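So the sequences go chain by chain: A and B.
Per the working numbering, the first sequence starts with residue 203, numbered consecutively.
Per the working numbering, the second sequence starts with residue 203, numbered consecutively.
Treat each hint with caution, since some may be false.
One copy or two, either will do: identical chains are not told apart, so a pair holds if it fits within one copy or between any two.
[To be verified] Only pairs whose alpha carbons sit at most 25 Å apart, straight line, appear in this in silico DSS-like list of lysine-lysine:
hint, residue 1, residue 2
1, 326, 366
2, 226, 328
3, 360, 326
4, 328, 360
5, 226, 366
6, 326, 226
7, 287, 328
8, 366, 218
9, 540, 434
10, 287, 366
11, 355, 326
12, 360, 540
Hints listed in this document are in silico derivations from the structure and should not be mistaken for laboratory results.
Since the structure is predicted, the reported quantities are computational estimates derived from the model, not experimental observations.
2 protein chains.
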Amino acid sequence: MLNFEYYNPTQIVFGKGSIARLAKLVPADARVLVLYGGGSAERNGTLAEVEAALGQRTVQRFAGIEANPSYETLMQAVEQIRREKLDFLLAVGGGSVIDGTKFVAAAVDYAGDPWEILETYGAKIKSALPFGCVLTLPATGSEMNSFSVISRKSLQAKLSFGSKHVFPRFSVLDPTRTYTLPERQVANGVVDAFVHVMEQYLTYPVGAPVQDRYAEGLLQTLVEIGPLALAKPDDYEVRANLMWAATQALNGLIGAGVPQDWATHMIGHEITAMFGLDHAQTLAIVLPALLDQRRAAKRDKLLQYAARVWQIDSGSDDERIDAAIARTRAFFESVGVKTRFGDYGIGADAVPRLIAQLEAHGMTALGERRDMDLALSRRVLEACL
Amino acid sequence: MLNFEYYNPTQIVFGKGSIARLAKLVPADARVLVLYGGGSAERNGTLAEVEAALGQRTVQRFAGIEANPSYETLMQAVEQIRREKLDFLLAVGGGSVIDGTKFVAAAVDYAGDPWEILETYGAKIKSALPFGCVLTLPATGSEMNSFSVISRKSLQAKLSFGSKHVFPRFSVLDPTRTYTLPERQVANGVVDAFVHVMEQYLTYPVGAPVQDRYAEGLLQTLVEIGPLALAKPDDYEVRANLMWAATQALNGLIGAGVPQDWATHMIGHEITAMFGLDHAQTLAIVLPALLDQRRAAKRDKLLQYAARVWQIDSGSDDERIDAAIARTRAFFESVGVKTRFGDYGIGADAVPRLIAQLEAHGMTALGERRDMDLALSRRVLEACL
Numbered sequence: 203m204l205n206f207e208y209y210n211p212t213q214i215v216f217g218k219g220s221i222a223r224l225a226k227l228v229p230a231d232a233r234v235l236v237l238y239g240g241g242s243a244e245r246n247g248t249l250a251e252v253e254a255a256l257g258q259r260t261v262q263r264f265a266g267i268e269a270n271p272s273y274e275t276l277m278q279a280v281e282q283i284r285r286e287k288l289d290f291l292l293a294v295g296g297g298s299v300i301d302g303t304k305f306v307a308a309a310v311d312y313a314g315d316p317w318e319i320l321e322t323y324g325a326k327i328k329s330a331l332p333f334g335c336v337l338t339l340p341a342t343g344s345e346m347n348s349f350s351v352i353s354r355k356s357l358q359a360k361l362s363f364g365s366k367h368v369f370p371r372f373s374v375l376d377p378t379r380t381y382t383l384p385e386r387q388v389a390n391g392v393v394d395a396f397v398h399v400m401e402q403y404l405t406y407p408v409g410a411p412v413q414d415r416y417a418e419g420l421l422q423t424l425v426e427i428g429p430l431a432l433a434k435p436d437d438y439e440v441r442a443n444l445m446w447a448a449t450q451a452l453n454g455l456i457g458a459g460v461p462q463d464w465a466t467h468m469i470g471h472e473i474t475a476m477f478g479l480d481h482a483q484t485l486a487i488v489l490p491a492l493l494d495q496r497r498a499a500k501r502d503k504l505l506q507y508a509a510r511v512w513q514i515d516s517g518s519d520d521e522r523i524d525a526a527i528a529r530t531r532a533f534f535e536s537v538g539v540k541t542r543f544g545d546y547g548i549g550a551d552a553v554p555r556l557i558a559q560l561e562a563h564g565m566t567a568l569g570e571r572r573d574m575d576l577a578l579s580r581r582v583l584e585a586c587l
Numbered sequence: 203m204l205n206f207e208y209y210n211p212t213q214i215v216f217g218k219g220s221i222a223r224l225a226k227l228v229p230a231d232a233r234v235l236v237l238y239g240g241g242s243a244e245r246n247g248t249l250a251e252v253e254a255a256l257g258q259r260t261v262q263r264f265a266g267i268e269a270n271p272s273y274e275t276l277m278q279a280v281e282q283i284r285r286e287k288l289d290f291l292l293a294v295g296g297g298s299v300i301d302g303t304k305f306v307a308a309a310v311d312y313a314g315d316p317w318e319i320l321e322t323y324g325a326k327i328k329s330a331l332p333f334g335c336v337l338t339l340p341a342t343g344s345e346m347n348s349f350s351v352i353s354r355k356s357l358q359a360k361l362s363f364g365s366k367h368v369f370p371r372f373s374v375l376d377p378t379r380t381y382t383l384p385e386r387q388v389a390n391g392v393v394d395a396f397v398h399v400m401e402q403y404l405t406y407p408v409g410a411p412v413q414d415r416y417a418e419g420l421l422q423t424l425v426e427i428g429p430l431a432l433a434k435p436d437d438y439e440v441r442a443n444l445m446w447a448a449t450q451a452l453n454g455l456i457g458a459g460v461p462q463d464w465a466t467h468m469i470g471h472e473i474t475a476m477f478g479l480d481h482a483q484t485l486a487i488v489l490p491a492l493l494d495q496r497r498a499a500k501r502d503k504l505l506q507y508a509a510r511v512w513q514i515d516s517g518s519d520d521e522r523i524d525a526a527i528a529r530t531r532a533f534f535e536s537v538g539v540k541t542r543f544g545d546y547g548i549g550a551d552a553v554p555r556l557i558a559q560l561e562a563h564g565m566t567a568l569g570e571r572r573d574m575d576l577a578l579s580r581r582v583l584e585a586c587l
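Between the sequences and the hints, there should be enough to build the whole structure, so can you do that?
Now the structure itself:
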């Protein structure tokens, strides 16, 4: 096992009816800004339930946080908070709303130009407004970690930051609040959570059986419940397990003490930036191709993955690896997320353009051993066609 | 899945050489009391390493915290802290030292008679001195939870308390610090961690596959590494995994959202109180007998346990349950912890005496369904003979 640190102070309040708990979770004298995305939180009653729980507190709203939350939008929330002297933030939504709220929380207090927060990856954050979350979309794990990804439209930039100051104080996870999600968002969430686990698991062995088995447990659970989450949108048990698995997939625990890859995410970000695909769509395209191209470096873990997650026990090593990758691809397809560039109308001419972007962004040494150069990324992208 | 709350703010610093990190983890101006047990921390160099890391800070020592930490001893530490105006505690040891330090931390600040802390199970704790831990014995999980068990010799009482104010600020887990532990303590730690998992896992299904697989992963890991931890005391990988598995076994995570039993612990406490057996010895005696007697109520989970932890897939239901219980018993014996009353010189006359104590302590409705009455406890105890 590698040396590690693990710290995660977010309080989780999980279950049906738990939004009412906001009455106690939010300080009684707080002046609250509720941040959310589009109108779905208004239409499906979640916002009303939240505001009822907040009772007599001063509550203002900030709507319109986008799917890739933008600096430009978020700075308007910062303005509102400063102007109205608000002191507690409540994110109601999925990963984008929560990521955006983290940036707002850090920017309100920030002494210099808030864009520095992103340019320095969060290193210069000294404090942040306290905030909580009401999760409505299981996917990113942002509700229980200290990371955030923010875009700046004017610069066509998408940057991430992290800081111990932007852990949510609490996150309310009520699975019933996901019943009305569109199928595509649920499917994307399943794929996103699955690939989060794979980035932290499918590397090379370091003698960390607890972390391995936790990761495998999450993968097996997502395999079981992914299709059910689509087929039975109001099945409490299925949605509860999807929610908890997605939170566990990226709260720091399964990645503590093991190597991490994240090349699929880095390549995927470039695809989203260039072609506007959903984040999860890019992951579903890149991961199977990457596993195939990296089968030598990842051999031991690929065989373990084949045996423990997919119960593939016969055939040569390469046959078992082939089968495990095929099952992974088929799983993504089974929840309706396509896994080839061609499915999204992207052709071979995209490859050199994406390579140029990876190079421009310094992504020339990716992966758990930092040995994935542009030539290898090119082969991965060609295998995505 | 049941509704749940999960909160655990303890920072874990894990790995070889991590004691040096105390230099940054402890506030620079802290006046520190280092609490420990017997002379082993002095003899094996851990205490010297700790004090070297603390550098120029004011550091005092408090030695002599016992295996079942006593109110009487701990109140001497409270005196010393008040007299010397110390403001940060550092527990160096295993579960007893950490449990004791939690009590001291809460008692120093406590307005009334500190014994009330235990009489009210921690409910009246309003604050506590900050403290950290340097773990030397993987077993109880106290390094990453907010619970503590304290004895008061004058009253022959052993009471537990819990409070969010007594989470360790940090815990340093350096597996090399366990190399010199006596075999018996290592074996006890393996059994203790295993039974902690079982108390939260082996109940009845509530549709919580993540928690189930996490628990099974810990059990499988303990089964693999338990005998190795004894055979190769200075194998870093083995000791690291034992340490992390034992911490994970009781930090609240695997028990979140599922029923919990704890009858084995409650009965075990009475055996320790009456006959002085090690805590883990009592668990190793009671658990196999309890699983056997509770096979109807626990049938589904026993079959799942047989299949997933022990790979027992053939035979009738009862045959598979028999085999799983036999494997459990054999595992405890394989690390040298005996599993029958007779092995410790305890005869049938103990049964009515223990039942009387359970009754005197109100333990008349134990287990995950609170349906384990004294008649059932008697059958369990008879099955321990």
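Q: Evaluate residue 360 and residue 326 at a C-alpha cut-off of 25 Å and name the case that applies: within, between, both or neither.
A: within (18 Å within a copy, 48 Å between copies)
Q) What label fits residue 360 with residue 540 when the C-alpha limit is 25 Å: within, between, both, or neither? A) So residue 360 and residue 540 pass the 25 Å test inside one copy only (24 Å; across, 60 Å).
(Q) Within a copy, between copies, both or neither: which one fits residue 355 and residue 326 at a CA-CA cutoff of 25 Å? (A) within (23 Å within a copy, 52 Å between copies)
**Q.** Up to 25 Å CA-CA - residue 434 versus residue 540, copy category
**A.** Answer is within: at 21 Å inside a copy they meet the 25 Å cutoff, but 49 Å across does not.
Q: With 25 Å as the alpha-carbon cut-off, assign the pair residue 326 and residue 366 to within, between, both or neither.
A: The answer is within: 11 Å in one copy meets 25 Å, while 30 Å across copies does not.
**Q.** Status of residue 328 relative to residue 287 across identical chains (alpha carbons, at most 25 Å)
**A.** The answer is within: 20 Å in one copy meets 25 Å, while 30 Å across copies does not.
**Q.** Intra- versus inter-subunit Cα pairing at 25 Å for residue 226 with residue 366
**A.** So residue 226 and residue 366 pass the 25 Å test inside a copy (24 Å) and across (16 Å) alike.
**Q.** Copy assignment of residue 328 with residue 360, given that the CA separation must stay at most 25 Å
**A.** Close inside one copy (22 Å), not across copies (44 Å); limit 25 Å.
Q: Check residue 226 against residue 328 for me: Cα-Cα at most 25 Å, and say if that holds within a copy, between copies, both or neither.
A: between (27 Å within a copy, 17 Å between copies)
Q) Between copies, within a copy, both or neither: which fits residue 287 and residue 366 at Cα up to 25 Å? A) Intra 24 Å, inter 31 Å, cutoff 25 Å: intra-copy only.
Q.
At most 25 Å between CA atoms: does that hold for residue 366 and residue 218 within a copy, between copies, both, or neither?
A. Between. Shortest inter-copy distance 24 Å satisfies the 25 Å Cα cut-off; intra-copy 29 Å does not.
Q: Could you place residue 326 and residue 226 in one of the four classes (within, between, both, neither) given a Cα distance threshold of 25 Å?
A: between (32 Å within a copy, 19 Å between copies)
Comparing the model with each earlier hint shows no violations; every hint is respected.
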